[in-house]
Amino acid sequence: MPPFFPTSEVNATLSQILPEAEITTSTDFEMNASEVLVATTFTKVDEALISKMPNLKFVQIASTGYDNVDTDSLRKRNIKLANIPTANKESVAEHVITMALAQLKNLLYFHNEIVNGNWPFLTNSSELMGKTFGIIGMGAIGKRLAERLLYFGTNTIYYDPARITDEEEENLGVSYAPMDELLRKSDIISLHVPLTKETDRFMGEKEFGLMKDGSIFINTARGEVVNEAALINAIKSKGIRACIDVYANEPPDPTGELFKVPNVLFSPHVAGVTVESQQRFITDTISNVLKYVQGLDPSYQVL
Amino acid sequence: MKGYGIFNRTVKDLGLRRIFGNPGSTEIPMLRGTSDYVLTLHDSISVGMADGYSQYSGRPSLVNLHTLPGVANSMAFIHTARMNRAPVIITSGQQDSRHAFYEPLLWHDLKSLVGSAVKYSYEVKNPEDIERALKRAYAISLSPPSGPVFLSFPMEVMDQEGEYMGLDYSTPNLQILNSGEVERISELIGRAKNPAFVAGSELDQYGGIRELEELASHLGVPVFSEPLSSRATFNSSSDNFAGELPPASTAINMALLQYDLIVNFGGEFTLYPYLPSPLLPGKKIVSVGMSPSYKHGDCVFSNPKLFLNALLLKANGKWSFRKQEDQGNAGLIAREKKVMGVNYVLQRARKHFSGYTIVDEAISSSLLVRKNMGYSQKSYFTARSGQLGWGLPAAAGISMLRDKVLEIVGDGSLMYTIQTLWTISKYNLPVKILVLNNEGYTILKSFSSSFYPGVENSEFLSFSYNIVDVAKSLGIESRVADPELKEMDWLAQGSEAKLLVANVPKTVPRLFI
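So the sequences go chain by chain: S and A. Heads up: the first sequence runs through residues 29 to 331, numbered per my numbering. Heads up: the second sequence runs through residues 12 to 524, numbered per my numbering.
For the record, the hints were derived by calculation from the structure and aren't laboratory data. Where a beta carbon is used, it is the ideal one built from N, C-alpha and C, also for glycine. Treat each hint with caution, since some may be false.
[What the hints assert, rightly or not] A partial selection of chain A residues facing chain S, derived with a Cβ cut-off under 10 Å: (1) T261; (2) Y285; (3) T518; (4) P520.
[As the list claims (entries may be wrong)] Cross-link-like lysine to aspartate or glutamate pairs, in silico, DMTMM-like; alpha carbons within 20 Å at most: (5) A/K348 <-> S/E198; (6) A/K136 <-> A/D170; (7) A/K517 <-> S/D194; (8) A/K517 <-> S/E197; (9) S/K264 <-> S/D215; (10) A/K294 <-> S/E48; (11) A/K349 <-> S/E75; (12) S/K85 <-> S/E75.
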């Protein structure tokens, strides 16, 4: 556990939830008899760890993404797996809109000009209202983003292999578009897909090639879903403005080419991290562990 | 004097002016000479009306049910009266005992049927029993914990000759102060690192809301409301009000995590649903009240108001709780206005119905009802039992005692006892009814999505019906609210009963873990 982790507070809280439970906060053990493992996305839940926990029955990932988990190993041992796909939807939706607005309003440029002693007189800032906003992946986060965009007056379109119901589309004010059409039409595109075999590097040369020149590309999903070389090429050749929160390797190599091209706004994989979302992750994680303890199926069960 | 005469005389002497009921053949003998009968078109409605009447007045009320069918039809309501601690005297006719051996039509062992749902049950055997059984039932209904009692009257007894004796009777003395415990509880509070108070329904029933507010303010201690209370527990606008405890054990533990001493004044930790956490492990819990349950920690039997008054003179300590200033929720209301959201509807209702007594059975929106409407002494009632159909009869019963009653009810709950509208119309009861119509059992959808995902989409959890037409057919003026809620003005105008339907969103709130 990192030094800032409030182990004593967690223990005090756990004593009020499951007084008979024992808590271990490190994976640095030879063997462990725990039945439940709670991990964030930053802990590798792999064969090496699972094989040291012979009694493990349930893994709760306190995060949306669970690509840090060796699902084959869990499946082999009949171990349940659940994630928390909803706790950070508000923070990610706000982060995406923040990034889009920062690009549209040239905030980074203005900031740098002013701290460098310049006073820019001209701007090509534009508004979010009236733009076509393409959402790829209409899960919990995509839906919350669409809800928030309602108030900005965007024309919101989405693509998801599983189309949502007509009623949901009406309520969210969104229209379905096939992937290629979404890429062609959108002024802003935001990714909200999990990392799977199907989505690995699925944003490549062809996809970026379909995007409008000068459009905005936002990735708060997973770094691996984007072919970084293709993105860099699109930034250079089509003037794509990018907003990147996630990277294939974290932390990324700061000397990489992505950090040298213009009009890219970065954040360090924090789109879903707010004080409020962390509280929701804790609450939902506790809820799911309690459900498991009382013999119910945990919510958001993946395996 | 014949048995029915003794019955009428006793009822009159006990001040039980009205009889709420729905008669059958077995009751006709005992109802001869009855003058103030409130007719309901389902047996259970009479119990619900009497429950509201008794809770609001603090006095026993009288119900007359039609033997087996009437009692059986009312069982959930009798149980609710027990949970609500409503001193309702339930009477029923009984088949002529001279042929009871043959188990004739309508006969049943009624005492066994009411079972543990009442505090006391008796079947009179002769005319002499009538007076003493009614007087005993009256006193028992009021003794803490107050609640329903049951008397069965075989038909033939009502025509047998007897004498009205004018027997002395007494009601329980509720002004009991356990003064010996004041010093000890005061010291416990003084020694606590971080104490919290819990306010319960007894503070509305026996008094003590103002006293607890004063004590909490003096000490700087937060006051939580007991979970799932049947009525107001505290003044929700107080600076020391820390909100309502949720009913599940884990959630209660989390809400009270930072406190080492919990002093519960007249409340109960009603739990639902089951969660594996034991309740408040390692905490010092003291309950002060007229009906200590002895389920948790240390209990002190005392009138809470008197105890709080005494504690005010003794208690010392200084903590710093003060609730966060309410920043208002104009943004939320503006957003909800676009979809007729529940908060929008209730905020508008709050403006029109300030000073009203709220009777709440909008189950999935009850938290929002309490949050938006607020509560204080005798201003909020709901059923503690979890049954549906209680709210409208209870509101009707309370409206016989005061002319400002607003019933806030869901479409599901309304349908259970919608015949109450006929009684409201017949007796010109001044009940205003706001229906939050979400076309289904939203509480069950929420429960399902938390514990049994997928079931919330089941067809059997959704329904709709024409509420306005049904209400009109039962004699109540009714309308559907337009998006601007102009009809809220209409609803508030005049003293006559009216019903307004607000078609709120069908979205499922997260109400469980």
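Hints and how they fare:
| no. | hint | result |
| --- | --- | --- |
| 1 | T261 | 6 Å, holds |
| 2 | Y285 | 7 Å, holds |
| 3 | T518 | 9 Å, holds |
| 4 | P520 | 14 Å, violated |
| 5 | A/K348 <-> S/E198 | 17 Å, holds |
| 6 | A/K136 <-> A/D170 | 12 Å, holds |
| 7 | A/K517 <-> S/D194 | 15 Å, holds |
| 8 | A/K517 <-> S/E197 | 15 Å, holds |
| 9 | S/K264 <-> S/D215 | 17 Å, holds |
| 10 | A/K294 <-> S/E48 | 16 Å, holds |
| 11 | A/K349 <-> S/E75 | 51 Å, violated |
| 12 | S/K85 <-> S/E75 | 14 Å, holds |
Going down the numbered hints, you'll see the structure goes against 4 and 11, while the others check out.
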